[in-house]
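Chemist: Single-letter residue listing:
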Amino acid sequence: MTIVFYTASAVAIIATILMLTRANAVHALLDLIVSLLAVAVIFFVLGAPFVAALEVIIYAGAIMVLFVFVVMLLNLGEPATRAERALLRPSMWIVPSVFAAILLAEFIWLLVSGDVPPSAVAGIEAKETGMALFGQYLIGVELASMLLLGGLVAAYHLGWRKVPQTEATHVSHP
Amino acid sequence: MILLCLIVIPLIAGGLAWAVARWSVAACRWITLLAVTADLILALVLWGSHSPAGSGTWLAEADWEWIPQAGIRFHLAVDGLSLLLLMLTFFLGVLSVLASWREITEAVGFFHFNLLWILAGIAGVFLAVDLFLFYFAWELMLVPMYFLIAIWGHENRVYAAVKFFIFTQLSGLLMLVAILALVFTHHSATGAYSFEYGDLLGTAMSSVAEMWMMLGFFVAFAVKLPAIVLHTWLPDAHTEAPTAGSVILAGLLLKTGAYGMLRFVLPLFPHASATFAPVAMILGVAGILYGALLAFGQTDLKRLVAYTSVSHLGFVLLGIFVWNPLALQGAVMTMICHGISTGALFILVGALQDRIHTREMDRMGGIWSTAPRLSGAALFFALASLGLPGLGDFVGEFLVLLGAYQQSIVIAALAAIGVLFATFYALQFVQRAFQGPNTFNWRIPDLVPREGLVMAVMIIALLWLGLYPRPVLNTFEPVMTRIEQMAPGR
Amino acid sequence: MFPIREGFMISGALFTLGVIGVLARRNLLFVLMSIEVMLNAAGMAFVVAGARWRQPDGQVMFLFILAMAAAEVSVGLALVLELYHQFKTLDTDAISRMRG
Amino acid sequence: MLALLWLVPAIPFASALALAVLGPRMRARGVAVVGTGSIAISAAISLVIAGTFLGAPPASGAYTQTLWTWIDVGSFRPGIAFYLDALSLVMTVVVTFVSFLIHLYSVEFMRGDEGYSRFFAYMNLFVASMVTLLLADNLLLLYLGWEGVGLCSYLLIGFWYQDAANGLAGRKAFIVTRVGDTAMAVGLFVLFHNLGTLRIQDLMHAAQSQWPAGSSYAIAAAALLLGGAVGKSAQLPLQTWLPDAMAGPTPTSALIHAATMVTAGVYLIARTNVLFTLAPPVQFAVAVVGAATLLMAGFSALTQNDIKRVLAYSTISQIGYMFLALGVGAWGAAIFHFMTHAFFKALLFLAAGIVIEALHHEHNIFRMGGLRTELPVAFWTFLIGGCALAGLPLITAGYFSKDLILWSVANSPAGGMGLLAAGIAGVVLTSFYTFRLIFVVFFGRIETAVSHRPGLAMVVPACILAFLSVVGGFDKASFEALLNTALPHFREAGGGMSEALTSVAAGLAFFAGLLAAWYAYLRNPSLSRAAAGNPAGRLLHRFWFSDWGMDWFYDRLFIRPVVWAASASKADIVDSIYDGLASAAVLCYRILSATETGKLRWYAAWIAGGSVVTLAIVMWL
Amino acid sequence: MNVTEQDFIALLPLLILAATAIAVMLGVAVRRSHALSASIAFAGLVISFGSIWIAAPELPRQVTPLLILDRYALFYIALLTVSSMVFILLAHGYFEKSDDDHDEMYILMLVATLGGAVLVSSSHFASLFLGLELLSVALYGMIAYPRRRPLPLEAGIKYLVLAAVSAAFLLFGMALVYGAFGTMRFDEIAAQLSRPGFDRWLVLPGMALIITGFGFKLALAPFHIWTPDVYEGAPAPVTAYVATVSKGAMFALLLRYFYKTGGHQQAPLFVVFSVIAIASMFAGNILALLQDNVKRILAYSSIAHLGYLLVAFQASGDLAPMAVGFYLVSYFVTTLGAFGIVAVLSDGGRDADLLDDYRGLFWRRPVVAAVFTAMLFSLAGIPVTVGFVGKFYLVAAGASAGLWSLVVILVVTSGIGLFYYLRIVVAIYSEASQAKAGPVIGAPAVAALIFLTAALVYLGLFPQPLLALIRGLTFG
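Chains as they are written, first to last, in the working numbering: chain A, 157 to 330; chain L, 169 to 658; chain Y, 296 to 395; chain U, 66 to 686; chain F, 31 to 506.
These are calculated hints, taken from the structure and not from any lab test.
Please read these numbers as outputs of a predicted model, since none were measured by experiment.
Backbone N, C-alpha and C fix where the C-beta goes; we use that ideal spot for every residue, glycine too.
Mixed in with the good hints there might be a few duds.
Not everything, but these chain U residues come out facing chain Y in the computed CB check (under 8 Å) [unchecked claim]:
(1) Thr131
(2) Ala633
(3) Ser634
(4) Lys635
(5) Glu661
(6) Gly663
(7) Lys664
(8) Leu665
(9) Ala670
(10) Ala673
Here are some chain L residues the structure puts well away from chain F; computed CB gaps all over 10 Å [stated by the list, open to error]:
(11) Gly216
(12) Ala230
(13) Gln237
(14) Ala305
(15) Glu307
(16) Leu308
(17) Val311
(18) Ile334
(19) Leu348
(20) Tyr365
(21) Leu368
(22) Asp522
(23) Asp614
(24) Gly620
(25) Met654
When you get a sec, could you build the whole thing from the sequences and use the hints?
Modeler: In structure tokens form, the structure reads like this:
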């Protein structure tokens, strides 16, 4: 169990690092999906099989597909990748990495200095989760639906294009 | 009810004047004049009907609930001191309306609106005995003043207006903090929220707290007064303001600072004030000398007069913190007379600027030969400014000095040297502007009857105050006695 | 026995990587991906916390995060499309006009 | 009749007011009538009052009239009140009467001047102030008059305002005297603070009873009052304004020198003699100041070319005599000399005015000459005045008064040989410069043609004054008797000189000076030129001519530093503090504003950085 | 855990908001009409506002662990709905000038308002998070709404990325707190916090990260950096909305959250909040000093204003909710008014956001100028305006708690702040440089401005009723 956990963790982290350093968007997306799948394994280890499944289905599945669609729509191609590579100079990484390293260091320092938290013995079944979801979190589910509605309307409005000539007049505005 | 009218009449008339100006500029001016005159008459009626040996603290009072949540009341009251200052307010109000009768041609309605609202604000300051209301009025008078300077001012008006606004607002906020601190101190002692002046008097507090609160009030009033170091907004504001603005600034707004010291700083924080008094006195004397020196150095007439205000108000500050009957009454007397004499000087300089379109003394000279009445009036008020006996300013300054001598010989002597310095700038003013050869061949009309009337009234007032000031002195004497008795150890 | 502390550490590490991505990448697509990493890490932290207390609440929160990520990404990608259409680039530095 | 007292200052004051307001619209004749008439009435009233006073003196020797309480603050209650005793009576009568004559003279002298009404307004105000000063019952009212005369001197000296130099002279007069006034004001504080009143009589009694002789309060108060007195009376070291004051019209000079203003200091000291008696060092200082001034001014007078400046220095010198007298406790002698001086000095100025007007406002004596025949009236009156000034023995008033002073100096316990020698040397000098003037102006060749001859209004006052200059000193005894009702008797020290001795000495001194002048300017004019020509003489001449370099000294010591300081701080140094704050704020703005780069990554970094900092604070606090 | 009838009644305002969003969408399906959509949305808001009186008798009510409906929540819901109504009035005229579809704006706005309402009544991390995201996601759409214009688009992208990042921070923080306590309910967390010996090593970083999230939404320094760009880029009415509804709901939540947990009185957090307050007051006021873009000036000033609010927040005590409540009302009125003026003076092409656009406004349109001046003076805290009373209460709250250094900094920085308000005022009253009268102002916008001005003056003179109302607010 422990070995699985650590392996999955290592995979998640390495895949994420790879994703961050890719110039080609599609490659990066694939790395990200690997990372997400690794996280799904971790969830499984943590005794949360329901969210592990959702992670695979929705996150790695649906959401990433959305990304892929957009990449395709934009038709970025090889020139974009080259341009992107040009931007990936090592110096770009220094400051963010320092920041993040401090953040992580602070965080880990805290975790290590604290007491070891008690560990649960049993996992949580999908049923339990479902009960909670449609029990005390019912309103939350409704709100999440409104959230998706809002996202839908916004994405619809922003992504929708009119006939080209009226568009041209708008674009000409500074 | 009269007290409320004193504030409400200008407020309403202000709105009316603004509205009417759309159709008739003359009507707007007349409405303004009538409103201020009405207030002046009301104030005079109050003065006439009061009995100097009155029993209570206040001669008249009006009290309504306002924000009971915080113990804030709409409480107006008047005693001898505030009554006199109210009369001065509306007296100068009338004169400044007359003085700007022809000067203002743009946005006349808005101008008179602002003028009236300033007067209402000042009246509110002098009338309020609820600290919140006081602060309210205190801030309220700034805004129209700001507009007066910023819209109808001269070349550098924006800079001056902004500087004025920021100085006074910032210091006012410090006072607000002090007011609240006082209220909470009072609250923790009694369990009741109250902004009442009467309730807050004698609030028990630690000496450190008292000192800080006192400083909060002091800074606000010292900026208005203005005490040296905090004075630099004044020359700019006075110089750039239109005539009416300068008159009200010098004649009234500065007095609100002194009034605040007398009404709040000393009575509310007697011990801290006593501890602080030497510093304040030194500030006063430094102001007297520094103001006089700078006035001597100026070539811009309005700037010159502005610095004389710094100098004269130094006497007021000195007199207040000397804190004995002579000096206190001298300080109040100086306030009143300075209002008239400096107001008159600003009117004259305004009239002159109107005619020759400059305030630079280097561009003047020999005005006397073409406008003798104007020049003569200027001479008169210059003499009042240098403290000539027989004119009002002398009485005040002499009393301050006499009182100051009982505190400290050195301070009195230095302040007396300040009077000597006054001679320098006053004579320089007369000499360079009005006497000497008429190098630039000015040919200008002399004072018109309207202006002549204004000058005559002011001259008579100063002579009266200089030769027979008793009625005035007696009006505020009980108040000063009370304040004097609040000094610790007395 | 679930590795709770390690779980927090891993989620923290992933979160940090997401932060690095947002700070370092100029391509908007990568920025959005990095945000996904961050959100995922936060969701993972919830799951870990839920596991610690043996409660379903952590997982419910993960679901909500999932919904939010979906909404977020859809709007974000719509903006990416529009942006690319107007500016012909996804470089966040290049699209910046407002400053000061 | 004494109740009319208040009218003496009130009428000139009222007429001054009337002339100021209505004057510009009145015709010249009307102005003259109002301006002169008011003083005439005032003089008449004072004569009537004098008659009443002398006929039936009030029981206490003084009459007090209170008009109203001026200021009323606690125990400080000075009134507008007048106090008449022998001292103020004499002064008032002389002042009003001489002023009347000067006004009369001005009616003609100033005719045609565009500021005719203004002139009379100022002159009337001048008289009103002076009379107020004299009659004041308390020191505050006295101070009012005191400042009033200072003001009027300023106004009149700068009367012809279009010449900036006149304005400068006027300002100088006002400011220099005000330096003294400031000291005096502080003196008032001392007195009020320690004695609790400013009423002069109460003060004197209180001082007498509360302060021992030589008490430091008395010394301080007396010294401060002396400061005021030297300023107004143009004594060392504040004498520099008076010679410049000649810029004003000649009648003004006459008024300032003869009747008003400069004698105010003498009056003040005489009035507060108790204080000075209680402060022997100060009183001695008065004497020394007087002696030094009379000598210095005498030397300066020797070198002047301007006829009025010579007279101005002679005034300073003569006031020095009065101070000398005051300093030795000869109060009466001082007032006596004041009176005779008022007559002959007014006379000299009026006569000089005739000369000046006759010669197109020529002031330089070396462009005059031989006027003896051209302007006989001027010559004779000037001669009489000059003799009185120089002290022609036995005939002139000036001789008697000066002689009395010399005798007092010789016989006072406070006096001494040094002071006496100075006094006698002063007589020689006076005689010398007076006759130098007379010989140069009225004898010798005619240098400038006479264009204008005086009318009756100018001649009559001169003649009356000439008469008074001669007879004014005859009845010394009854005058002293009168004054002794108000002033302490002169305390004679035993073993002094006899009166005859001092008289003879004074007479001899007079003739010595006369002879020297005759020799140097009539008999052998080349001598004076040679004396002025050699290097030492030239240096001395320049030194004396410039009033012993005092002006130069003051200019360097006070005026330039003040002017420099004023111009240096014109822009208000304090304001730079706030400018600095504003610049600091703007700097902060520039720095912070640079953080708003518009770059998304940078913004995200801020958020991450912010949470790093927050975390850090949380962890280590 | 059943939802009862009473729960529904208590939830009515929220339900009606959600229903209205659907209704507008259905309306669009039938007929695309700007006026219709706006009317439906407005009516929905009015009904929602009215339903507060229906809901009021059921108070206070805990509806599932997620939401608590108490007087406090209802007060802020009322404030949010009224602000949204004003937004509609302003937005109608503003968007009418450009030819695009406008209906989605109202749907998004209703969703956002719902989010705000959820925020102010949330009692649980989940509802906090959902409310926040409802608000955020709708705002992405609203900010970038005129998507063909480059500035709104840029603003939208920036807001989206940064909001998402900060949401991630917030979530991570919440996860840590949850990990420490095992509960996500505020009251239980408060109870745990008051007990010693909790897992500080999880709680404190959790709190710190939550503060990051809040700080971003409230635009407090150092998380303020996005504000000017988004304010400038967003269409003026949306800017008003971002500045008021979004921030106001968040601050109300902040007060509730920390007031309940008492977390901000913990020494480290107290320091953090103090540092944030001071930094915000300074940064906001100094950044605005010489700014030439009115929207950016207002953006920076809003940073400062939130800093002021934090002073009262820090003060805690009885006065804090009152001061915060009143100040928020005053801030709402004034900010809506100020951006409202910008909105009505803008034409379809660009917003009238440069200082030069306002030069000489007084001589061209005196009434508009006067209203704008009143708004600016209220922001500056000058008497007769509501801002004065608001600032008075802030200082009072700070003073009552003896937070002298914070109070003095408040005073000093607001003194600096005067300068840039006056710069706008100066421009308004300077000599007219251009004769252009500007666009015609439609009746709805006029109504909105009249309402705001009246509120500004009335509350400035007679704050008592509102104060009494706020004083009566209780946490459930």
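Chemist: Each hint needs a verdict: does it hold in this structure or not?
Modeler: To see whether the hints hold, each was checked on the structure:
1. Because the smallest distance between the Cβ of threonine 131/U and any Cβ of chain Y comes to about 77 Å, over 8 Å, the interface hint for this residue is violated.
2. Annotation: interface hint on alanine 633/U violated; nearest CB of chain Y at approximately 40 Å, more than 8 Å.
3. The beta carbon of serine 634/U comes no nearer than 39 Å to any beta carbon in chain Y, farther than 8 Å, and the hint placing it at the interface is violated.
4. Using the Cβ-Cβ criterion of 8 Å, the hint placing lysine 635/U at the interface with chain Y is not satisfied: the shortest such distance is roughly 38 Å.
5. Interface restraint check for glutamate 661/U: the shortest CB-CB distance to chain Y comes to about 5 Å, inside 8 Å, so the restraint holds.
6. A hinted interface residue such as glycine 663/U counts as satisfied when its beta carbon comes closer than 8 Å to some beta carbon of chain Y; here the least separation is about 3 Å, so the hint holds.
7. Using the Cβ-Cβ criterion of 8 Å, the hint placing lysine 664/U at the interface with chain Y is satisfied: the shortest such distance is roughly 5 Å.
8. Hint status for leucine 665/U: holds, given a least beta-carbon distance of 4 Å to chain Y, under 8 Å.
9. For alanine 670/U, the interface hint holds, the least distance from its beta-carbon to any beta-carbon of chain Y being 5 Å, beneath 8 Å.
10. The interface hint given for alanine 673/U is met, as the beta carbon of that residue sits about 5 Å from the closest beta carbon of chain Y, less than 8 Å.
11. Under the 10 Å C-beta cut-off, the non-interface status given to glycine 216/L relative to chain F holds; the minimum distance is some 32 Å.
12. Remark: the non-interface label on alanine 230/L is consistent with the geometry, its nearest Cβ contact in chain F lying 17 Å away (cut-off 10 Å).
13. A cut-off of 10 Å between C-beta atoms contradicts the statement that glutamine 237/L is not in contact with chain F; the least separation is 4 Å.
14. Not every CB of chain F lies more than 10 Å from the CB of alanine 305/L, the least distance being 8 Å, so the non-interface label is violated.
15. Distance to chain F contradicts glutamate 307/L as a non-interface residue, since its nearest Cβ pair spans about 4 Å, not more than 10 Å.
16. A beta-carbon of chain F comes within 10 Å of the beta-carbon of leucine 308/L; the shortest separation is about 5 Å.
17. With a minimum CB-CB distance of about 6 Å to chain F, valine 311/L fails to clear the 10 Å threshold, and the non-interface call is violated.
18. Annotated as non-interface, isoleucine 334/L brings its C-beta within 10 Å of a C-beta of chain F; the closest such distance is 5 Å.
19. Listed as outside the interface, leucine 348/L is inconsistent with that label: its C-beta sits roughly 4 Å from the nearest C-beta of chain F, within the 10 Å cut-off.
20. Every beta carbon of chain F lies more than 10 Å from that of tyrosine 365/L, the smallest distance being close to 18 Å; the non-interface claim holds.
21. At the 10 Å boundary, the C-beta of leucine 368/L stays outside the reach of chain F, the nearest C-beta of that chain being 14 Å off.
22. Look at aspartate 522/L: its CB is around 20 Å from the nearest CB on chain F, clear of 10 Å, so calling it non-interface holds up.
23. Every C-beta of chain F lies more than 10 Å from that of aspartate 614/L, the closest at about 33 Å, which supports listing it as non-interface.
24. Against the 10 Å criterion, glycine 620/L stays outside the reach of chain F, whose nearest CB is about 34 Å from its own CB.
25. At roughly 25 Å from the closest C-beta of chain F, the C-beta of methionine 654/L stays outside 10 Å, upholding its exclusion from the interface.
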